[in-house]
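Enquirer: Starting from the given sequences, assemble the full structure and let the hints guide the process.
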Amino acid sequence: MTATARLINETTSLCRTCKQAVAARVVVDGANEVWMHKRCDEHGEQRVRLSTNGEWYERTRAIRPKSAPPTGPTRPVDKGCPFDCGPCESHAQRIRMPVVTITSACDLDCPICYVHNKNDSPFHMSREEFGRVLDNLVRESGGELDLINLTGGEPLLHPELLSLIEMAHDRGIHRVSVCSNGVRLAKDEALVEKLAKLDARIALSFDTFDKHTDRAMQGAALVELKHKVLTLLERYGVDTTLIPVMSRGYNDHEIGAIIKMGLELSCVRHLEVHTITYTGQGGASFDRSARISMLEVLERIEETTQGMLRVGDFVPSPSAHPLCYQIAYLLIDEQGGPPLSFLRFMERDELYACLEDHLYLEPSARLEAALQDAIDRVWARGGEDDERALAMLDRLVRTLFPSERALDTKASIRVGERAAKAVYVHSHMDEDNFDTERAYLCCDSNCYADGRTVPVCNYNVLYRDKEPRFVQAPQSWGARTGGQRSLPIVGGRRGS
Amino acid sequence: MSKLLEGARCLITGGSRGLGRAISIAFARHGARVAFTYRRDTSSAEESARLVREAGHSDPIVLQGTVTDSAHAKQAVDAVVSAWGAIDALVNCAAVMQVLPISLLEEQDFDNVMAVNVKGVYLFSRAALRPMIRAKSGSILNIGNFSSERVIEAPVHYAASKSAVRGLTEALAREVGRYGIRVNLLAPGMLDTGLALGMPQHRMREYLEQCPMHRVGRAEEVAELAAFLVSSESSFVSGAKLAADGGL
Chain A
-3 MTATARLINE TTSLCRTCKQ AVAARVVVDG ANEVWMHKRC DEHGEQRVRL STNGEWYERT
57 RAIRPKSAPP TGPTRPVDKG CPFDCGPCES HAQRIRMPVV TITSACDLDC PICYVHNKND
117 SPFHMSREEF GRVLDNLVRE SGGELDLINL TGGEPLLHPE LLSLIEMAHD RGIHRVSVCS
177 NGVRLAKDEA LVEKLAKLDA RIALSFDTFD KHTDRAMQGA ALVELKHKVL TLLERYGVDT
237 TLIPVMSRGY NDHEIGAIIK MGLELSCVRH LEVHTITYTG QGGASFDRSA RISMLEVLER
297 IEETTQGMLR VGDFVPSPSA HPLCYQIAYL LIDEQGGPPL SFLRFMERDE LYACLEDHLY
357 LEPSARLEAA LQDAIDRVWA RGGEDDERAL AMLDRLVRTL FPSERALDTK ASIRVGERAA
417 KAVYVHSHMD EDNFDTERAY LCCDSNCYAD GRTVPVCNYN VLYRDKEPRF VQAPQSWGAR
477 TGGQRSLPIV GGRRGS
Chain B
242 MSKLLEGARC LITGGSRGLG RAISIAFARH GARVAFTYRR DTSSAEESAR LVREAGHSDP
302 IVLQGTVTDS AHAKQAVDAV VSAWGAIDAL VNCAAVMQVL PISLLEEQDF DNVMAVNVKG
362 VYLFSRAALR PMIRAKSGSI LNIGNFSSER VIEAPVHYAA SKSAVRGLTE ALAREVGRYG
422 IRVNLLAPGM LDTGLALGMP QHRMREYLEQ CPMHRVGRAE EVAELAAFLV SSESSFVSGA
482 KLAADGGL
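The listed protein sequences derive, respectively, from chains A and B. For the first sequence, counting from 1, position 251 maps to 247 in the working numbering; every step adds exactly one. For the second sequence, counting from 1, position 68 maps to 309 in the working numbering; every step adds exactly one.
Bear in mind the hints are in silico, worked out from the structure with no lab data behind them. Ideal Cβ placement from N, Cα and C applies to all residues, glycine included. Heads up, a few of these hints could be off.
Derived CB-CB ranges, DEER-like [claimed, not checked]: (1) A:67 x B:412: 53 to 61 Å; (2) B:394 x A:334: 28 to 36 Å; (3) A:37 x B:442: 53 to 61 Å; (4) A:332 x B:412: 45 to 53 Å; (5) A:353 x B:283: 39 to 47 Å.
Expert: Here it is in structure tokens:
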């Protein structure tokens, strides 16, 4: 630490080599950059840059999320965070995004893959096991579980995927999203149609428009394939989330174009931009100079959307640590004009409050009241820019509340989702930038049939490579793993 | 259950859905001959007619038109009189409700709601009064709403229209009482059907908090009260406002 560095906070991180817990100091240096400094007795001094702007980091970190501790059983603290997950009794946030890993099979071998997969005798979660996962989640949510994410591997390789989606819907979960690289969707239009009929949502990875970048990040040239998939998803009206992973110097200059494409496609409901993370079979050995912080992603978004979305248009999620999720909502102009950020007409605190109980905006009394307040304020202000906002809001209100008939809840959600789209930026952690302060507040968890839940970053860094269902040779605690990519399935069989 | 409206010749505006449909069915169940109007949705009107037939009246008169059209009002009343010889009761139920804050409330929105909810009541009442005055008997029932009182925040044009209907009811009751014609106002609270379904959630929550019975009403509950109010059982009730709102 240099003489000009100022301490922001102390926390617990992990050694980048042995993954043992180590004390860490977060400081802002003379260049206004935020760094984490730590030292492992065995592997020495380590440091990683967390942010390029000290003021932004401190201002954002100071926002206290809504207190919402886990509702289910917790495990006693023994070894300390992040080694007692289940969650442990110190965990401070309930699950807002339950993630269920239903398969270890994958038909790609991405250099940025942040999990371990296994194609030899792949694991496919049984219906019975999945049912127990759902039952636990529904019980612990008090019957208010509104979304679930199925992931892998490549979930579309699960032989009973459609049945699993039906099981989730049968338990009252209305957003059932399925992560996908799109390979199978491009080959199987009938499957896209079935997913549409099941009201499933596809979370499609989409990193780049450039084939060279695609090869570097996904290990294959898939740009044309992804466009074909999007055409099919659009044709059948499958609700879609685009998931670009941002890496500095590779694709961060493309984020504006990806966002604009997502806003233009009617099937796309949200974009969830991830920062690259160095875990898993591919990610652990990926180019470390590509690390990009949350703020840098927000700044790239502002630059590459030419100010359509600004850094100041994002608010943190009240359900997570403020350095983990940043969220912007945009009102879509059905007459073809540029989308308008909610924060151009709504107070920051109001949007933040509306996001308190869900990861996504849901129709609610609070949201309706906030929108009415926003309309009145914009109307009273009467500025030149306000006229356009008012006209867009007017069209939305008249669609949501037609004078001669009432929309049911499902129809209201549809109208709302077509009228407003979200851009989420989600910053994952690896052993380098791991911060237990963030882990305590994680609302995304990998969920098991026995009721255990493990926050996803903890899971990716520490837990997945211990499971025989995901790796051929499960690791022991204290061993560094990664950089051992599996071979993809090609044509239904393992490649050679 | 005794039949309150045996043989009564009744015209109900806005009978294809919501409370208008429930009133049409209840009247038929009470032995009335039922005619109802609707504006646009023919399949809903056909469904109402089917339900009216099921409830006991084999041959309802179904009339399409807008209540803001004076010719339609006259034709509807004429159709009832020519089919059944007279008109005993008119229920002015057709209305529109539009959720708009004042900041988005344009002149056209205001005019439209006032035209349907107020002018429509005036046109149909005036058309029905000619045969009623000739017969020196009749009953007009207007449908108000709790939003004309200061209970919860309501769209101002809608609340204004329902307040106007209350004033119209009281004035008309005074004017035509001498002919033995009664005019009353029935003001339901939030119901499980019709216009209330389009209310924003925060307004609905506010309503349920303030309603002593903490529930919305059923259209059938209000329709029964409507049958009572136009029947001879309430022969000395005129110029009244009856609320069916769970005690607001």
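Enquirer: Are the hints correct? Go through all of them and say.
Expert: Structure-based check of each hint:
no.: 1; hint: A:67 x B:412: 53 to 61 Å; result: 59 Å, holds
no.: 2; hint: B:394 x A:334: 28 to 36 Å; result: 33 Å, holds
no.: 3; hint: A:37 x B:442: 53 to 61 Å; result: 57 Å, holds
no.: 4; hint: A:332 x B:412: 45 to 53 Å; result: 51 Å, holds
no.: 5; hint: A:353 x B:283: 39 to 47 Å; result: 43 Å, holds
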